[in-house]
Amino acid sequence: MSVGSAERGPRAGAQLADALGQVSATLRRSTVQLRERGRGAGAGVIWRDDGVVVTNAHVVAGAEAEVELWDGRRLPGRVVLRDPRRDLAVLVLDTGPLPAARIGSAAALRPGELVLALGNPLGWAGALALGVVHATEPPSEMGTATPRWVRADIRLAPGNSGGPLADAHGRVVGVNTLVVNGLGYAVPSEAVEHLLRRGVPATGHGGEWGRAA
Amino acid sequence: MQSTHPEATGVLAALSDELAGAAERAGRAVVAIHARRRIPASGVLWRPGVVVATHHTLEREEDLRVTLADGRSATAQLAGRDPATDLAVLRLEGDAAALPAAETADAGALRVGQLVLALGRPWEGGVTASLGVVSALAGEWRTGLGGRIDRLIRLDLSVRDGFSGGPLVDTQGRVLGINTSALARAAALTIPTATVERIAEQLLRSGRVARGFLGIATQPVRLPAALTQALGLTQEVGLLVVGVEPGGPAERAGLLLGDVLVSFAGTAVGEPAELAAQLGGERVGTAAELRLVRAGQVQALSVTIGERPRGRGR
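Just so you know, the protein sequences line up as chains A and B, in that order.
Mapping the first sequence onto the working numbering, position 85 (from 1) lands on 85, and the numbers just tick up by one.
Mapping the second sequence onto the working numbering, position 293 (from 1) lands on 293, and the numbers just tick up by one.
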């Protein structure tokens with residue numbers, strides 16, 4: 001059934017609004033605020049349920065940052081991986097299981113697809129933005145199927161850095177990193193997975209995945 | 001762990017799929033035109049072998065190359081351009097002429113609030129998409145250069161590189177017109193399908209869009225109340241003739257510098273745009289009555305409307 005026909009039903013709009021509310025509520029629980037001493041808050045994504053948080057390298061300059069969860073808990077985070085070239089950093093939290101985000105694929109995105117961003121734009125903690133995928137890169141530019149950036153027509157601001165860009169299913173497809181000419185640029189989730197394959201020190205709360213595979 | 005229930009969010013995913021599908025379908029007819037320095041301009045394969053673009057994004061008229069949706073390159077010839085409606089038409093050469101064109105639809109069914117996509121191809125890569133809504137609709141209007149646009153379509157969406165010359169697309173992937181950021185200050189507008197058809201037809205046939213021409217320059221002037229009362233005029237403003245082109249239609253009709261035009265073909269004129277609106281291409285070669293105030297008296301002159309020379313305003 002196409003949405004085109006559903007739109008004519010009296011409740012299609014309400015269903016759409018509900019769905020958007022649910023997807024963003026779920027995504028919000030997997031989004032954290034990150035603070036370093038004397039700096040404003042950036043955002044991060046709970047990538048694994050054993051306390052692995054992904055953000056931008058430019059959000060956490062030092063070795064440690066305070067991580068505030070969706071429920072207000074504040075925990076110390078330790079930076080264990082850093083890739084300045086892709087502007088990525090990985091922190092671990094010493095805590096029990098966390099609501100990890102579902103991870104999607106940036107390579108499968110199509111222009112026009114809906115995307116959601118969560119973060120703390122200009123200090124508005126947990127704020128949602130809605131947009132669409134603006135462009136996917138030509139394969140020739142990379143030589144592989146993974147794009148260098150996900151470009152989204154979405155309104156981002158400082159404080160979105162390090163936060164999730166998700167598809168309509170709520171699956172994280174990228175880490176919001178830059179705004180160029182008004183377009184949001186996100187590092188593809190594949191690049192994060194690639195970095196994580198270097199291995200993260202075991203936190204003691206998860207399984208064996210943390211070792212280099 | 002918390003996870004979103006697939007059935008509950010299905011409607012969002014379905015909308016997302018539909019938008020991406022619309023971008024993909026319509027995107028097959030969106031091309032990149034290499035006709036300026038910084039980035040390519042967007043264009044739409046409107047009919048087989050015919051690309052419609054915006055006038056203002058084409059910086060050169062020769063040596064035109066077009067990148068098609070499948071990545072292939074084709075050469076193109078400019079069929080014509082119409083600054084007044086900001087439209088230009090190119091003919092593709094070679095194999096590219098056989099490619100299927102966009103599925104167009106009448107923009108008359110658009111409604112304020114309707115979700116729409118603006119597509120572009122401002123690079124060699126894939127199509128680009130922006131999502132927005134139809135922000136305002138109104139009837140026929142005239143551009144600053146007197147071009148007649150069949151419907152005013154204003155969009156609420158972000159104007160990105162490649163916006164102008166790209167298509168406005170509905171959620172079914174149908175092309176409803178050509179987008180432009182050049183016809184109104186700080187507004188994203190769409191030139192509706194009907195206007196594109198009409199102008200493209202003329203450009204393909206004759207390489208230009210004919211417009212009426214009087215050969216005068218005017219500016220609005222307030223008419224003194226005593227004068228309007230004495231002459232039985234109902235308007236407060238007329239058009240003072242501040243320039244008369246030697247040998248032009250107005251001069252041949254006997255119009256003089258300092259005359260104040262009050263009506264053209266029975267329609268009161270108080271703004272240059274109102275006069276321009278009367279000078280459609282269909283009027284070229286026909287006669288019209290000019291009413292003017294000269295030396296405190298109303299006079300009527302018959303003028304044979306000429307055709308505006310290329311590259312000229314009104």
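There's no promise every hint is true.
[Said to hold, decoys possible] Okay, the calculated beta carbon distance ranges per label pair:
hint : chain 1 : residue 1 : chain 2 : residue 2 : range
1    : A       : Gly62     : B       : Gly94     : 58 to 64 Å
2    : B       : Ile39     : A       : Gly40     : 32 to 38 Å
3    : A       : Arg148    : B       : Val133    : 28 to 34 Å
4    : A       : Val179    : B       : Gly139    : 48 to 54 Å
5    : B       : Glu282    : A       : Arg148    : 24 to 30 Å
6    : A       : Glu64     : B       : Glu103    : 55 to 61 Å
7    : B       : Arg205    : A       : Ser105    : 45 to 51 Å
8    : A       : Arg155    : B       : Ile39     : 54 to 60 Å
9    : B       : Leu145    : A       : Arg155    : 32 to 38 Å
10   : A       : Glu193    : B       : Gly139    : 32 to 38 Å
[Stated by the list, open to error] Which stretches of chain B does chain A cover? Using the computed rule of at least three CB atoms under 8 Å from a CB of chain A, they are:
hint : stretch
11   : 9-20
12   : 127-141
13   : 158-169
14   : 179-190
The set of hints was computed from the structure by calculation and includes no laboratory data.
Ideal placement from N, C-alpha and C gives every residue a C-beta, glycine not left out.
message: For a quick check of understanding: which of the numbered hints are violated here, in increasing order?
response: Structure breaks hints 4, 5, 8, 10, 14.
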